[in-house]
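Working from the sequences, and respecting the hints, build out all of it.
Chains as they are written, first to last, in this note's numbering: chain A, 1 to 202; chain B, 1001 to 1221.
If you're looking for bench data, these hints aren't it; they were derived computationally from the structure.
A quick note: this is a predicted structure, and the numbers were derived from the prediction, not measured.
Incorrect hints may have been included.
Computed list of chain A residues with no C-beta within reach of chain B, every gap over 10 Å [what the hints assert, rightly or not]: (1) G28; (2) L31; (3) D99; (4) E191.
Listed next, with one range per pair, are the computed distances between beta-carbon atoms [as the list claims (entries may be wrong)]: (5) A:G116 x B:D1074: 21 to 27 Å; (6) B:R1156 x A:A16: 29 to 35 Å; (7) A:E109 x B:L1091: 26 to 32 Å; (8) B:P1167 x A:E109: 34 to 40 Å; (9) B:L1091 x A:G20: 34 to 40 Å; (10) B:L1154 x A:I4: 33 to 39 Å; (11) B:L1020 x A:E113: 33 to 39 Å; (12) B:L1214 x A:A16: 23 to 29 Å; (13) B:M1001 x A:H122: 24 to 30 Å; (14) B:M1001 x A:V197: 24 to 30 Å.
Cβ atoms here follow ideal geometry from the backbone N, Cα and C, with glycine treated the same way.
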Amino acid sequence: MRLIAENLGGERGGEAVFSGINFALEKGQALIVTGPNGAGKSTLLRVIAGLLPVAAGRLLIEGGGEDFPSVASACHYLGHQNAMKTALSVAENLRFWRDFSGADFLSAEEALETVGLDGIGHLPFGYLSTGQRRRAAIAKLLVSRRPLWLLDEPTAGLDKASEERFARLMTEHCGEGGIIIAATHLPLGLEGAKALVMGEAV
Amino acid sequence: MLALFLRDIRLSIRAGGGALTGVIFFLAVIATIPFGVGPDLNLLARIGPAILWIGALLACLLGLDRLFQADREDGSLDLLVLGNDRQMLALTVLTKCLAHWAGSVLPLVIAAPLLGLFMNMEPIGIGATALTLLVGTPAITFIGAAGAAVAVALPRGGLLISVLVLPLTIPVLIFGVSASYGAVANPDPFLQPFLILAALTLFLAVLGPVAAALALRHGTD
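So this is what it looks like as structure tokens:
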């Protein structure tokens, strides 16, 4: 699987946020997007996911086969919000996303154990702290299989140990042939990742 | 899809779900009418079906703004839209509508016969009104979904949705009320307006979710 962006441009509310972004990612590669606030990192991720239209250039995915014909179907999008319901328990939330997303991978309990949240699956999501919520949202990446992870500030609110655990998860994902695009201000501990600095060349 | 339906049902009955808000509003409207109109039992019986329908219509509109807004606020809506290739967005919307109907509108239909007693309606009239509500209220939810999808990005979209949706629900109201009257007033037919009401619901079950899906796809920012 390959993800290619050629001269990609994005806009919000009719105003160009970024333009001329080029990258090509093979399977197993990661791209770390950095840049100052307002440089268009989140917009780039939303354009890649297909939540915002491509304003210029083109974006294509190759070799996805029948399972992943488009970027939207191949990606996990982890945005600023965790996309979990505060009134439901953590396990219920995860089970819902597992059933809804299809392509089952880990069970809700296994995914929680992987992010170090075992034993709290029965608690309402609203009871968790910021870092725990983020970890539960990361567990959401593990309950269904997607080759492409689009991560927007994935480690915001995480403690040191969780950051390291998450770095291991990302390395594993790349090792299995996945692709990661992450927008971040903090070092993610991903070795051999490509870097894209936004807001300077434009 | 079943997972989404169950999730939305659970959310509507748990704390802060607002499943009861509509019923209480419905009760408040119907309970005040006899005080306002006065103790004329014949008059109450005559306007009963219409009042029940209007009350149910307004109570339906009450919770509509949360249909997509709650999902938008916590980021779930993005993922629901992204799932388009696996679960067609229009079907996702249809499922959410059905869950919303079962969670917030079905209680209104169940409460309607009780409130019909307040209006001194005959048993057959009560039955007919409850039946037309059962068949007709999904149509209101389907139209409302389109309105809710258009107004999803607006923080105070509730009133806008009502204004957008109300004119479109008028045919549903007209046929619902005329079928209810048809059951009690003898020369009027019951079956014809009832079948048109059912047709409206089926028609809007297709049109509403498709329109809402289109609005949601272009409304993400």
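Next on the checklist: Under the constraints set out in the numbered hints, which ones does this structure not fulfil?
Outcome noted: Hints 3, 8, 14 not satisfied by this model.
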